[in-house]
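A.B. asks: We have chain U; now place chain H onto it with these hints.
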Amino acid sequence: MTAISAPTSVATRSARRPRKQNGRPTWKTVVLALSAYVIAFLFIFPYLDMMLTSLRPTSELQTPTILPHHYSWSSYTSLWKTGLGTNLKITLLIAGGATLLVLLVATPAAYFTARNKFRGRMAFLILVLITQMFQPTALLVGIYRQFVGFHMLNSVWAMILVNAGFNMAFAVWILNAYFGSIPRELEEAAMVEGSGRIGALFRVTLPLAAPGVVTALVFTFIAAWNEFVIALTLMTTPNKQPLTVAINGFLGAYSIDWQHMFAASVIATIPVIILFAVIERKVVSGLTAGSIK
Amino acid sequence: MSNLTAAQRAAGDRVSGRPIPGRRRGSLARRAAHRAQPLLWIGPAIGLICFVVLWPVYVMVRTSFQKVSSFGEIKGSAGWSNFTNLFHELAFKGVVERTVIWVVAVVGITMVVSLALAQLFNQRFPGRRVTRWALIAPWAASVLMTALVFKWMLHSGYGLINILLHDVGLLNDLNSASADPLGKEATAMPWLIFVAIFVSLPFTTYAILAGLSTIPGEVYEAARVDGSGKWHTYRTITLPLLRPALTVATLINVMNVFNSFPIIWAMTHGGPGYSTTTTTVYMYILKGKDLGESAAMSVVNFGLVIIIVALFLRISRWKSEVE
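Residue numbers (my numbering), protein chains in the order written: chain U, 271 to 563; chain H, 14 to 336.
Just so you know, not all the hints are guaranteed correct.
Stated by the list, open to error - Here are the in silico distance ranges between beta carbons for each label pair:
1. H/G107 / U/V418: 25 to 33 Å
2. U/L318 / H/R142: 16 to 24 Å
3. U/R389 / H/S241: 49 to 57 Å
None of these hints come from the bench; they were simulated from the model. Yeah, the Cβ is synthetic: ideal placement off N, Cα and C, and Gly gets one too.
Here chain H stands alone, though its shape is the one from the complex:
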């Protein structure tokens, strides 16, 4: 069951069995007024979407084919040169590969950890409500602030994580290069991935918890009667029934992580070098240098987003049809 079809179905059920207003006979003027009625109600929403979402898409695509000076003046058509320049950038290949790693690692680990967390927070124990609230914090707080705190906790001289590592004996010297994980290529990316997972966990866990709550207890009872083991029950019953929740949560996470900017920007600015630059960050860096090329990067980015969404909806629908 895909996101779209479910919404369609729910919406469709609600209006069935009711005469369609437009079918009634009346004078021409009245019919015209009737036709226009939907526009009155949904017109403002469409207007807002057109102005803030669709128009920028058009402007972005147009800009990607324009030559833009560093002062933002349009210097005429650029043909495909913005795109060819972009593809010939030395950093480009690495940026794309890193983006794939970034999205797959963050979303993959988030989903697995969230499944475990949801399982835990679905149990009964005293204080469950309060612990669930604590889980919300990274979701409610601005991602920027969370990223800034982690940057601070990883500070080479007096960051809390480093102090703890030092106290435990895992870190020899504060204020040394080994105490500056964000300053080194090998460790910067893993830490950014960690923070991205940290802020993605609450929503994902809550989505899975919502999914778990829809599974009736009888199903488990039946499995128990059949002598099914715990892990076997989880794999054959819980996981398949969680599929709609998992599908939507994955899709939303992929979109968020792919477009994630504040974490990387606040913690490393894409550095050292380009070693933590994803396509979204690269687009922002290019924006300061060459707006046309930046627009080309956005268009490539945007194309990828559309492909991901289309593929995902397709796969999920296809699977639900097969079953």
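Same shape as in the complex, but just chain U:
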């Protein structure tokens, strides 16, 4: 059945069989593949230019050529004199702290709502959905005044709380879906064997939900790592600023330190793109909160 229908169904979206019988690609495949390669290149093009610029020697920054004639790592070594190490540390603290907090807060909530029916359950899920719809930018003035009131400007804790709060919804959805897909019987079996409910949760359910947990953690980490607006508003002292704000700081009023800016950007960007590729497949389902099955 599948062998017969494959050419018509799978490849229906035209007679797009990947290859002819003799193994040579069809013209259609060649055109498709080439256009996909060009588009893929266009999508990474800005980041390639970011890398190239960071590797341009200062003497060549103002030469209008596509590729530099020489390459130099000096921007990367002199970068640390600008205090970027501190900024990196702050970013790690904020992203790590927010990730941990999301894990601690979202896991029990997602587990409980996936396993139990209780009064206020719907209200809670709607509340989570609403949080997801709001962006911190929309509440900027409120957040600013609130933390001024608490004397928490330039506080890493404030950044951890805000980042965790606005990224928790994603974690709740994805964990909720994972917990829901794990049969209750597995947990009950563990409980019969003497583990309590909490023990069963830790020994059976959490390990099975590990892919969901990893996705939620990586997503939160990246979102907090990339966050800019709240940090720009709350972290006003240079040695308290995370990478994004520090990088924006290279945009001086009169001159722009492009090479340091892009060397720092490369350091801030490349790890995140790689991390993101790891969880890529699951991210969409978490963002769209289960409406695409």
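C.D. replies: Positioned in the frame of chain U, the structure of chain H alone reads:
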């Protein structure tokens, strides 16, 4: 099928057919403990939402009715004056109109281009996996960094885009006013819209790809048997089946683009003049001048966000009910 109802339904299915714990009889203390149990599990999450999301909403609305000095001191009640001041700002009307253009243009073009991209990346060809990874880059990278690179690539003297345009012969002089698209009102906004589309494409394309993967091959086979043409099949079968994916992707994009700040801030600071200032950027500019008025702008912004979400959920649900 709306976002909300789907989540509700999925969640509802999961718990049906199981006794509700609260119904069991027990001593009063035990029942009370049982009642409190949900709070133990979801309490921390509610606490975090209240502290970081709901409380700022309250503070923001309150601030919009307060007189705030330039040093941030509260000088008493302002009544509606923050709002009337805001509405009488010379730039206000233009800012609102520009925001509408910004959101409609970015989201509209993003959706159309993503439909095409998803169609392409859904085909089979060697290296598909790698090309899909490349697509992720603008999504994973901080929007700020992407905006900064584009600012650099559009640099009048030695930006890569300008160099390429110059080499091709489309640009006569580097270092001239014509080589500085972000410095001119006519070209700054289109470039910002371009960058906003660029960073919105990956998520949207992936959401549509996820939607496409749910359409069973048999559906297409049936259409083929019926003698339906390619474009006709796409319009009558693929697009309607993609509706849930499109609905959610549009909603998420509208929220992101409406609140988008880093692109405009990093590339033009809302300038030249106010020619690239949207309501979100205007709110930030006002924050440095008059916090009360800035809060008023935020409240207006926030109201718009709520209206958009409500309208959108309504329309999508209404349509699914009609069918």
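A.B. asks: The structure should be examined with respect to each hint, and the outcome stated for every one.
C.D. replies: Outcome of the hint check:
Between H/G107 and U/V418 the C-beta distance comes to about 31 Å, which sits within the given range of 25 to 33 Å. Separation of U/L318 from H/R142 is about 20 Å and conforms to the stated range, judged on CB atoms against 16 to 24 Å. Between U/R389 and H/S241 the CB atoms are about 50 Å apart, so this pair conforms to the stated range of 49 to 57 Å.
When held up to the earlier numbered hints, the structure conflicts with none and fits them all.
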